[in-house]
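Novice: Based on the hints, put chain R in the right spot on chain V.
Take a look at the letters that make up each chain.
2 protein chains.
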Amino acid sequence: MTQDLAPRLDAAAALTEARLSRALAGAPEDGERLRPERLMAAMRHGALAGGKRLRPFLVLESAALFGVAPQAAVTAAAAVECVHCYSLIHDDLPSMDNDDLRRGRPTVHKAFDEATAILAGDGLLTLAFDLLAGEDAHPSPAVRIALVRALARAAGIGGMVGGQMLDLAAEGRFDGGAPLALELGAIRDLQAMKTGALLVVSCEAGAILGQADERARAALLAFGRALGAAFQIADDILDVEGSVEAVGKGVGKDADAGKATLVSTLGLDEARGVLADLVAEAQAALAPFGARTGTLAAAAAFVAARKS
Amino acid sequence: MTQDLAPRLDAAAALTEARLSRALAGAPEDGERLRPERLMAAMRHGALAGGKRLRPFLVLESAALFGVAPQAAVTAAAAVECVHCYSLIHDDLPSMDNDDLRRGRPTVHKAFDEATAILAGDGLLTLAFDLLAGEDAHPSPAVRIALVRALARAAGIGGMVGGQMLDLAAEGRFDGGAPLALELGAIRDLQAMKTGALLVVSCEAGAILGQADERARAALLAFGRALGAAFQIADDILDVEGSVEAVGKGVGKDADAGKATLVSTLGLDEARGVLADLVAEAQAALAPFGARTGTLAAAAAFVAARKS
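Quick note, the sequences are listed as chains V and R, same order. Numbered by the working numbering, the letters in the first sequence go through residues 1 to 308 in order. Numbered by the working numbering, the letters in the second sequence go through residues 1 to 308 in order.
Looking at chain V on its own, in the form it has when it is part of the complex (with noise of 0.2 Å):
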């Protein structure tokens, strides 16, 4: 990580955390009657877990610019964490992925239980619309109902709800039991719906909140394509070489379960090529914006190099 990158990611993770924090505290907001202790101890453990808090990172990042303030874009950045943490949770119950661990803590259906876990996961993406439409996103209704646009495509059938429908599909389970031989363009909208479109959308935010021309709002629609499928193919060679240890998750699942990734299909060197084409490709979207995005670079550089 550059010298750069290191205090800025932590900056945008302690701000958003903050936010999150006040959007999940205990007491009741506007137009609610209780808050269920259970259920906010679960979107709390959901939410507030840690992480690299890297999609608002991008959101503040991508925001900034436009001279857009920290202050003003992280309940923006706060809704896309809603969204990213709800998908983890239900990603992980026994009947998704069946996952114990998480960021090397237990996940909600292990630290609560099942019905819990669906509950917790429901709340933080209604939550993240809830955010989006309080006028501390933005000022502008205009500017807050395109938010909440951007965040449903991204979210839903054409993005995660739907990545995660194929991937299921893609691990054989409603077709007789034998993982799926994707080819590598069905791997790629299965990787850019479940994962990069969460990714292309926190950077997509900044030039909404921005109110970005169209041509600066394509560059980083640009930018997070190339990040998003960066992000992805930097996972799955995680899983081929990482510890959980490091990862703070289980690896070594996707070899396990049979399943098609870019690594298994290009090979491991071959899909180090393409992870260093994609990060110049991110990297040279940047180009509109000049001098102002060392830090969006970095943050290329550093989703493919990451060991966790």
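Errors might be hidden in some of the hints.
Same chains, same label: a pair holds when it works inside one copy or across any pair of copies.
[Said to hold, decoys possible] Using 30 Å as the maximum straight-line C-alpha spacing, the simulated DSBU-like pairs for lysine-lysine come out as follows: (1) Lys52 to Lys307; (2) Lys110 to Lys253; (3) Lys259 to Lys307; (4) Lys253 to Lys52; (5) Lys259 to Lys110; (6) Lys253 to Lys307; (7) Lys110 to Lys307.
Quick caveat, the hints were computed from the structure, so don't treat them as lab data.
Specialist: Here is chain R on its own, set in the frame of chain V:
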């Protein structure tokens, strides 16, 4: 059911189903790569399976009070129905209420599988906000974001998700297995959150779409609260008196679970008295709208008298 109500309920249901069918079509929308077939089939199973479509009806009728045409309100109505259908899919899951039957058909996890049912619910919840964010929900971004806020509050921690959490806790799931002996106020809180909030927001949505003044919005909120409470008492009575054939789902489940309901707490006769009072209260709340409210008043009576 009065002569007037039946055709209006049917028309609202048909209009809403058409809008939902369009939203759940197989072809990807803007910003989507593809729509996984299995996910779409499960979402359609859960959302196009009939039902009274009471919530969409309330959206359309409350909007009509302000001269909003059904076609201009139907996207918001479909969004509310998406939230309702998602909640049914998740509530039916084995780890929640473990129901095999819904509207006389297999529940989504029986017709598909548990993971697919969780994702179908997640997809419908996300779709609700996607629908509200689109321009066909309303031309004004301020109106659309107000709808997002109201729906998120009704569906979230202090509304439906929180209510389901309280309901599971009331069954004694987390405290040694014995159902909690809830007091009347706690039962009312639980029901207002679990069932009431979405009925209330269905009525409030009409006021938001119609850009109504505070007095009109407050009147519709009061109507919705009384209607929601009446709906739940009627449901409790049906659980005691109804037949599986008419209700289309399991009955007698509350008593079997030793669950505290208004019927078990007040007795059947007093519960019927409270129900009649609530219908009168709902109808009285409509007074500011004068003579235009025949259909909504009839709906309150219908909700109390329904046999399924």
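Novice: Confirm or reject each hint.
Specialist: Taking the hints in turn, this is what the structure says about them:
no.	hint	in the structure
1	Lys52 to Lys307	within (12 Å within a copy, 53 Å between copies)
2	Lys110 to Lys253	both (19 Å within a copy, 28 Å between copies)
3	Lys259 to Lys307	within (21 Å within a copy, 50 Å between copies)
4	Lys253 to Lys52	within (21 Å within a copy, 45 Å between copies)
5	Lys259 to Lys110	both (25 Å within a copy, 26 Å between copies)
6	Lys253 to Lys307	within (16 Å within a copy, 51 Å between copies)
7	Lys110 to Lys307	within (25 Å within a copy, 41 Å between copies)
Violation of the numbered hints given earlier is absent; every hint is satisfied by the structure.
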